[in-house]
Structure formats: C-alpha cells, structure tokens
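Novice: If you want the building blocks of each chain, they are given just below.
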Amino acid sequence: MQTLENLNEILYSPFFGIVLTIFAYQAGISINRKAKHALANPILIAVLLIIAILLLFDIPLEAYQQGGSLIYLFLAPATAALAVPIYKNWQILRLNWKPIIAGTMAGSFSSIVIVFGLCKLFGLDRSLTASLLSKSVTSPIAAGITEQLGGIVPIAIAAVIFSGITGNILAPFLVKLFHVDDPVAQGIGIGTCSHAIGTTRAITMGELQGAMSGLAIGLSGLFTVLWAFLFSFLL
Amino acid sequence: MKILMQLAIILFICLLGEVIAAVLPFPFPASVISMLLVLALLLWGPLKIYHIQKQADFLLDNMGFFFVPPTVAILGYLGYMEGKVAIILFICLVTVFTTFAVTSWTVSAMMKYETRRKERSRYANSGESE
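From first to last, the protein sequence lines are chains A and B.
Mapping the first sequence onto this note's numbering, position 102 (from 1) lands on 105, and the numbers just tick up by one.
Mapping the second sequence onto this note's numbering, position 126 (from 1) lands on 133, and the numbers just tick up by one.
Isolated chain B (complex conformation) (with noise of 0.2 Å):
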C-alpha cells in the first residue's frame, strides 16, 4: 500500500485515540490509546500488518530521532535541576538493577511454576502417581 495511505491509516487511529481519550473519565495518555488500537485492528483482522508495515517500521527505525527535539528542550531547565542531577541520575541507576531483578526473576519463578502444573495435570491424566 502507498506510503501516503499507511501514513493517513496510522495518524487516523491517532485521532481516534485523541477522541477516546477526551471520552474516557480518567486521564489516560492517547498515545497509548492508539496503540492498543493498532493492536487491536491487527488481532481482529480488518488492519492487515501489510496496510502499515512500511510506515510503522520508518516510525520505530528512526523512533530515536523524533525525541531529539524534546530532549534539546531541557536547556530551558537546567537552571532548575540544578545540584539535582546526582539524585536523578542516581535514582536512574538503581531503578535499572531493581527492575531487571524484579521482572526476570517474576518471569522464570512463573515459568518454573506453570512447567511444574503442566507436569502435575500430565501425571494426574496419564493416572501416575508422582
């Protein structure tokens, strides 16, 4: 499909996350909205992965160069993080061992448990004692 078209497929889905967003009683970021959306369209079939495949994948290759801007914006702060930086960049650091810790450690202790059940409801079936 024609770069054009996908562009207009995906910015549609965007204003119609910003429309459910401006519906939804709670603050909810329409971003976010738009990507369940995509999500959605695809796993229900009428969004076929070919419809955006070509805008979606210019999006996440150069996703790095859209947020040079913003990041440039921090100029016009740093008058205000000022003796700040240490703690930022600190708490930085920490939260990146804690929350790999936290998330592989979930993840395999989940595994582990449901290979254990799938064991367990094996035997019950086959009529085994463990």
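Looking at chain A on its own, in the form it has when it is part of the complex (with noise of 0.2 Å):
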C-alpha cells in the first residue's frame, strides 16, 4: 500500500507530464510521417493518447497539469517568434502590402462576425462563444485572446486545431471551388482561414503559396485581437 501512495505522488512531479508529453507528440510525429495525411495531425494523436492514458489508468488531469503548465509556459515566446516569418517575407508584404493587408483584415472580419453570428443563433452561451470567436488564429493568439474574452481556453484550441486540419485537407479544392488562381490570394487565403496547420499544406502547392500563407498567420492573428477587442463589448 505504501509503494502504491508513493506511486501516485510521483505522477504529481512536474516531470511526469512534460515526459509523458514529448513521448506523446514524438509518437505523433513518427505515425504523421508515416500516414501523410493532415487527419494524422501530431497534436491530435499526442492529445488523444494522453487522454487515453489518463482515462486508462484513473490519473487525475491536476497530476498531468503539473508539468503540462510548465509546456503551456513557453505560448509566448512562441508567439513571439511569429514574427520571424513575417521579418523574412517583409519585401513580399512592402510591395503586396495594401492587398494582404486588406485581405487578411477582411478575412479574419468576417471570421468573427459569422462565428459571432452561428454561436447567437444556436444560442450558445457566452464563456463559449468567447472561446470560438478567435477559431481562425494561431493557437498561441487564439488563446491570448480567448483569456482575455474570458473564454476557456482549451476549447478555444481545439476549434483552432480542428479548423486548421479541415483548411489543410481542403485547400486544393477550396483554391479550384473558389477560382483563385493569383498565388499570393491562394496562400493569403490559407493561412488566415487554417494558421500554421494549412499552412503545411500551401508549402506544398508551392513556395509563394508556403510563404504567403506563413505570413497571413501573423498578420490575422493581429486583427483578430483588435476584431475581439471591438466584440468584446457585444458578448
């Protein structure tokens, strides 16, 4: 009985689930690179089998938090290095700059105001529409703002997973329904409705495409909070 307590002590060092973490994602990773298929994303496999060990072995999510806060610590220095993409393609945004900064600005616009729309009119409650107006974002963005809205931010992340996975695998076909045929619009496009998770897919339809959409998740990010800073005051 007492190895069994000094067992469940050890599942609350913080070191337990920064582990338990890298091994997840690693293993996500690996069947990634294997599958090829944006279904197989790597946070999507490390979350459901971090859940499905949790559940499997009765550990409490507080045990797991410990070191998983630790992880959570490092959403801003990620964000911060957001602006090393944009740095890089500055001379593509200096000479395209009116019609990314417009498109990007529309795009992430009318993101939240049709999320806004959907969540009044399934009359969903508040804390949850906080945390689905900033779905189109980076994750680290998506949950500063969703904190800031007073939203939760765990569901704030995966409606920004789940909307990246579907931008990545409906990308071609969203260029081909649409008829966008400029590369900048294509990965502009991308990047705003599907952040850093679509934007895998662009790098693939090519390089312009890769790099646009790469810089479209900076920028949406950015109007995104001045967008959920004018909707706050409607929540």
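Any given hint might turn out to be false.
Quick look at which bits of chain B chain A covers, simulated, 3 or more residues with Cβ under 8 Å [unchecked claim]: (1) 17-26; (2) 31-41; (3) 74-81; (4) 101-112; (5) 117-130.
Result set (DSSO-like, lysine-lysine): computed pairs, CA atoms no more than 30 Å apart in a straight line [unchecked claim]: (6) A:179 with B:119; (7) A:91 with B:125; (8) A:91 with B:119; (9) B:61 with A:37.
In short, the hints are calculated from the structure, not lab data.
Please read all numbers here as calculations on a predicted model, not as lab measurements.
Ideal placement from N, C-alpha and C gives every residue a C-beta, glycine not left out.
Join the two chains into one complex using the hints; note that each chain is given alone, in its own frame.
Specialist: See the structure below:
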C-alpha cells in the first residue's frame, strides 16, 4: 500500500507531465510521417494518446497539468517567434502590402462576424462564444484572445486545431471552388482560414503560397486581436 | 549566438510585452505585443536575425508541442460541451469556407485594382490616351 501511495505522488511530479507529453508528441510526429495525412495531425494524436493514458490508468488531470502548465509557459515566446516569418517575407509584404493587409483584415473580420452570428443563432452561451471567436487564428494568439475575453482556452485550442486540419485537407479544393488563381491570394487565404496547420499544405502547393500563408498567420492573428476587442463589448 | 542567450533575448522581450500590456489602457494579449516588439526590433536593426534565429526556429518547429497540454485540459470540459460538439464543429467548418473566400477574393480584387491603377498612371505619365 505504501508503494502505491508513493507512485501516486510521483504522478504529481512535473517531470511526469513533461515526459508523457514529449513521448506522445514524438509518437504523433512518427505516425504523421508514415500516414502523410492531415487527419494524422501530431497534436491531435498526442492529445488523444495522453487522454487515453490518463483515463486508462485513472490519473487525475491535475497530476498531468503539473508538468503540462510548464510547457504551456512557452505560449508567449512561441507567439513572439511568429515575427520571424513576417520579417523574412518583409519585401513581398512591402510590394503587395495593400492587397495583403486588406485581405487578412477582411478575412479575419468575416471570421469573427460569422462565428459570432452562428453562436447567437444556436444560442451558445457567453464563454463558449468567447472561446470560438478566435478559431481561425494560430493557437498561441487564440489562447491569448480567449483568456482576455473570458473564454475557455482548451475549447478555443481544440476549435483552432479542427479548423486548421479542415483547411489543410480542403486547401486545394477551396482554391478551385472559389476560382482563386493568384498564388499570393491562395496563400493569404489559406493562412487566414487555417493558420499554421493549413500552411503546411500551402507549402506543398508552391513556395510563394507557403510563404504567403506563413505571413498571413501573424497578420490575421494581429487583426483578430483588434476585432475581438471590438466584439468584447457585444458579448 | 549561444542558444541560452537567444532564449534569454526572446524571454526578455516577452517580459517587456507583459509590462506594456499591463500599462496599456485597453486589454491586448501580451504575447502579441511581444510579437510586434520582435518584428519592430528586427526591422529597426538593434536585433539581428542571427541573435534569435536558432531559438525562434526551435519554437516555430515545435509549436504544436506547446499546445498539447492546454488541449488535453479539454477533458475537464467534456460535460460542459455535451450536446454542443456538433454545433461547434459546424461553426468551425463553415467559417473555413467563408474566411478563405473573403480573404482570397479581397486579395485578388485589390491586386487587380492596383495593377490597373499602376497601368493608368503609366499611360498618364507617357502622355498616351487609353
């Protein structure tokens, strides 16, 4: 009995959550490389693996979060690093700044307006609406916006990942469906609707599409912060 | 530059971002302020890309990893989301289509407008009529 209790204490060590997350994520990456399909998203696989392990061995979420919250600490530096792809594409941005800025502004605005309208239509409550408003932008920025609006960060991130995977799978289809021929317009569109996960698909469609999609992650994230601030008065 | 120093630079900028966020009269995510700070410092020159390149690549390459724990936390909200999962997924799916369409059409339309405007001014400058 004594040893069992000690084992329980060990689960509350931050190392447990960190090690489990790294192994689960690595497993996700290996599966993703073999499967080569957007549904085999490393984050999705890692999350499902960890949830399965926690439920199977009856490990409390709080025990896992001792280490998990330390990993989450990297939210801010990861967002700050998004400035690097913007900086690297600065020349293209400068040459086409009007279409690119207008596109990311309009796209992120439409996303928030439509999400807000649909949430109202389906009668979702305030905190659920606040969690979905930032669903089109990259997880670190979505988490920041959701915290600020008083939403539920885990739901926001799940919605972000789902949108990303959808955009990744549909990207070539969307381009045909909406007759978008220009590579800059394609890339900005993919990055604005499906952030980093969509960008991995945009890269396979062309170098320019990939670069533009990467650029759109930071820009649409930035504009979504502004729109979300306006919408916070309507919540 | 040593990876530890690169990490220190990025974390220091994040700290500055939090200071600015605390001073601002309106709510704005500190992480996004840090992103703008990094961009501004790179463009104005005091920060060189090699000062942070390795650390930034590490963060960008492993971005997904940092979001595994907060997503696992959804376990605590399964009851709360009961009966609403289909609605949430529907909203996400619809806005992938609409956001892509609005964004790429706006970019395409603006590019056509810009090209036409430039051509017009070229004609005007060379004294030819359209």
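Novice: Are there hints from earlier that the structure breaks, and if so, what are their numbers?
Specialist: Violated hints: none; all satisfied.
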